[in-house]
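> Residues per chain, in single letters:
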Amino acid sequence: MNFNPARSFRKIVAIAQRRRLDRELAEEMETHRILLAREGGNPGPLMGNITLAREESRDMWTFRQLEWMFQDARHALRGLRRSPAFTCIAIASLALGIGANTAIFSFVNAILLKRLPVPNPERLVIFSQVWRMKDVDEFARQSTSFDGLFGWFAKPVSFSTADSAQWIMGQLVTGQYFQTLEVKPAIGRLLNEDDVRAAAGSPVCVLSYDLWQREFAGDPGAIGRSVFLNGHPYRVLGVTARGFYGAELQHRFDVTIPATRIGDFMPAFGSAASLSGLSWMNPMARLKPGVTRAEAQQQAQRLSHRLDPGAPSELRLEDGSQGFNAMRSDFGRPVLVLMAVVALVLLVACANLANLLLARSQARAQEFAVRLSIGASRARLIRQLLVESLLLAAAGGAAGVALSVWINDTLVAFMNTGRSASMAIHVAPDARVLAFSILLSFATAILFGLLPAWQTTKPDLQPGLKQESAGKPAASRVLLRRSLVVVQIALSLVIVFAAGLLTRTLRTMSTVDLGFQPARVIALRVDPAASGHSSAEVSMILDEILKRSRELPNVQAASLAASTPNGFSEITMRIEVPGYSPKAGHDDIATFNFVSPSHFKTLGQSLLRGRDFDQRDNKNSARVAIVNQKFVHHFFGGRDPVGRKVKLGGSELEIAGVVSDARDRGARNGPDDTVYVPEKQSQSSGLTLLVRTANDPERIIPSLLGIVRGIDRRMPVFSVQTLDRDVEAGLTTERVLGYLSTLFAALATLLAGIGLYGVLAYSIARRTREIGIRFAIGAQRRDITSLFAWESVTLVLCGLIIGAPVALVAAHALGSLLFGVGATDPLTLLISILVLALAAFLATLNPLRRAARVSPIVALRWE
Amino acid sequence: MGERSSASELLPGTLDLLILRTLFPGRMHGYGIAQRLKEISDDVLQVGESSLYPALQRLLINGWVKAEWGASESNRRARYYTLTPSGRKQLAIEREQFSRMIGAIHKVLEMA
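Note that the protein sequences, when read in sequence, are chains A and B.
Here the first sequence is numbered in numbering that gives the first Met the number 0, starting from 0 and rising by one per residue.
Here the second sequence is numbered in numbering that gives the first Met the number 0, starting from 0 and rising by one per residue.
Think of the hints as simulated: they come from the structure by calculation, not from any bench.
It is possible that part of the hints are untrue.
Example chain B residues on the side facing chain A (calculated, C-beta under 10 Å, incomplete) [said to hold, decoys possible]:
(1) H28
(2) A33
(3) S49
(4) Y52
(5) P53
(6) Q56
(7) I60
(8) G62
(9) S71
(10) E72
(11) A77
All C-beta atoms, glycine included, are put in the ideal place defined by N, C-alpha and C.
Using the sequences plus the hints, can you model the full thing?
This is the structure:
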């Protein structure tokens, strides 16, 4: 019947009034009969079957399918309540499977699918380069492919009003930011080009809706008020629309500041004017309607060559619909790997459920045979069984969604360890995640329900109608159950192998020699500029903090550094080394760090040649540098560079010493070509205090905070923690992958074990009589045990033989995520196989023991 | 069997057509429809409750007729059925289809 909405509506109305309709129909028919009788008609055979007539009339205004569905649901509920153990196992394993999938999917959604909440985000593009502010202006003026283009820079800032101070995430933007993104204000107005140009004289800012609610309780009077950003007064222009958090999705930017005010946040750079030569802006633009990304890229490349002929790389335009997505490159692949792993776990769980359902329907085979023989259609029975699966999946799905919220929170908290609140990553499930979990629940129900339903309702009536226990159930059913176990073992091997590789990666990475000793070192990030101190004051304050912390008991060494291992900043610049001619594009780029004396002693790097910096290396003395071994190897071919000179920008630096290499950017990245410059001879901003202690580093934290407060009570401390934690934070991806995959591997193995247990137990129960006969004619327990042991060994072997090549192929998807272990590592594969074999052994112990204990008398009397 | 043609032996869907046609002049209750069919067909078409009322419910659900309660000649409440505009359209369509079908059957009977 074709679908007709008006008819369906009338039916729904009819269902709502079914009692009345029923009554009226009865009355109408009664009238009919009375009228007929009055005229002497014969109400006999002509009248037909009254009840049937009423039934059929009623059928006309109901959804028969729907009615049956409710009937089936009631029936299934009764059945499920009768076997609570089965129901609990089914719902629990589904909840785990669907919950894990939903939680991981919310990460996939947040990192790979979610788009900026602005009109037509698909027309946004980001550029592969970092630009000077004047490049942004030139591009905005000259290019014709864009409806707006802006530069963007993220910076944590200290936000204070009269009553409170806190760290929040800020974004510095150029004039066309809001125009390009087409964001609307919730109240007040947003920054435009004039505001950004005039901001040098009149600092203004725009708040996020959240901050406005949090700090001003949504008071419209906030507009025009002054707030303090890093101690400088800013006038509030307006508030952005609710739900908009800035040009990047995973962080929440609470304040938007004109880029021309960069001096307030990076004071060492002086003012925006002195930044003109530095590239620090991330550009984003909106394509004009009808302009393709390729066309815009061509035009942009031409323009880029004209503006900066020496640009280090070719300009590319990338999809900007997700904004600046810091997590896509770091976490994109890991979350896809995790998604694959949890999908496999769900498959194993489905196989397990299918197996349980098959065993369960065994008990009902007779009922179904009877129903089939008295004329129930097979489709009707299959539907009834599927309704049962759907109910299970719905319950499992609901529990799973609840579970996923918890998993999600835990994971986000885990990924945010080592990050301050303002830098925190936000991954909130949305409607798409919910839709995903609902669809997934349906899909699982079909997946685990259809096969058993098909199998159970096979119309082989004869054996079914006979006493089931005596007859052998269909061989195909046994085969199906065994295949399911084989599939479970194979899938589990894939997961266990992947988990093994990821765990070994984590172990290698956390034990690799980084070239410095992060243990017992405290890193304290404090920025005197954030409470409004001038550049000269900043320098004095930091010196004072350094001096006082060196005097604390148990402190072995202390220093200041611009970059710390796994810190968030990294400075790279082009360097000229006389006698070295650069070969390729990036060949003459070195990493810079600005450090105080005894920095290498604090971190545990060894000075190999020359001398360390000391008090004599200040603003007025000759400029010096210390380089690492990698740098010496690259630029000097390994010859002693002490006393040689290198050129940086306009000035010359004399190399005073050589230190050992350190992997500052984690174990995966080799040491960079690094140049250390005395912080007194540099323009650095945001130095970190590093303190090496003789014993427990945590105990010194209160004293350090005391020093900071003793100097300036208002000076906010951005973070204080051990360098160990920073290094650990650099391993977040590996740890998330290692721990979660191990957890899921354990889950899959457990499920496979349950599957194997079930099949064996069933097989033994089915052959109890045979066992009895065997015992009766003299078989030993050993013979019986080995009979079933062989069955289990065959199943496990089949699973492993199928699983091993699949695991080896699948592991290639891990690719670059692995470190220190190959994707086809034979040792890991061997261990994975042993783990599964052990699990299988444990799962078979109990059924085998039961087989050996079968009493021949009982067995033979069993019928 | 064989003496009386009951509705169940009609061509499928024909009963709906006949009811719609019977209601064309004006409103009528269930018993009235059955009587009218019987009279006009010279007692050939005798429709029992078991076919009539399911058919009427079907027409109601499809929105081709509407029903309202009124007094009957026996002082009992009776449900009166009226054609709706879409019912009139349906009648035209089914009539047309039916004529074509009858024509075809007739042709087969004559020529085959």
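> Against chain A, is S49/B within 10 Å by beta-carbon distance?
It holds, given that the least Cβ distance between S49/B and chain A is near 3 Å, below 10 Å.
> Take the shortest C-beta to C-beta distance between S71/B and chain A; is it under 10 Å?
holds, 6 Å
> Given I60/B as an interface hint, is its Cβ closer than 10 Å to any Cβ of chain A?
Holds - the Cβ of I60/B comes within 10 Å of chain A, reaching about 5 Å at its closest.
> Does Y52/B meet its interface restraint, that is, does its C-beta lie within less than 10 Å of any C-beta in chain A?
With a closest approach of 4 Å, the Y52/B hint holds.
> Given a cut of 10 Å on the nearest C-beta pair, is the interface hint for A77/B held or broken against chain A?
holds, 5 Å
> Closer than 10 Å between Cβ atoms is the bar; does P53/B clear it against chain A? Give me holds or violated.
holds, 4 Å
> Would you settle whether the hint for Q56/B is holds or violated, based on the nearest Cβ-Cβ distance to chain A being less than 10 Å?
Because about 3 Å separates Q56/B from the closest Cβ in chain A, which is inside the 10 Å limit, the hint holds.
> Is the interface hint satisfied for H28/B? The criterion is a beta-carbon contact with chain A at less than 10 Å.
holds, 7 Å
> Is the hint on E72/B kept, meaning its closest Cβ partner in chain A is under 10 Å away?
Holds, because the Cβ-Cβ distance from E72/B to chain A comes to roughly 8 Å (cut-off 10 Å).
> Is the hint on G62/B kept, meaning its closest Cβ partner in chain A is under 10 Å away?
At 6 Å from the nearest chain A Cβ, G62/B passes the 10 Å test, so the hint holds.
> Can the hint on A33/B be confirmed by a CB-to-CB distance to chain A that is less than 10 Å?
holds, 7 Å
Checked against the numbered hints listed earlier, the structure breaks none of them; every hint is satisfied.
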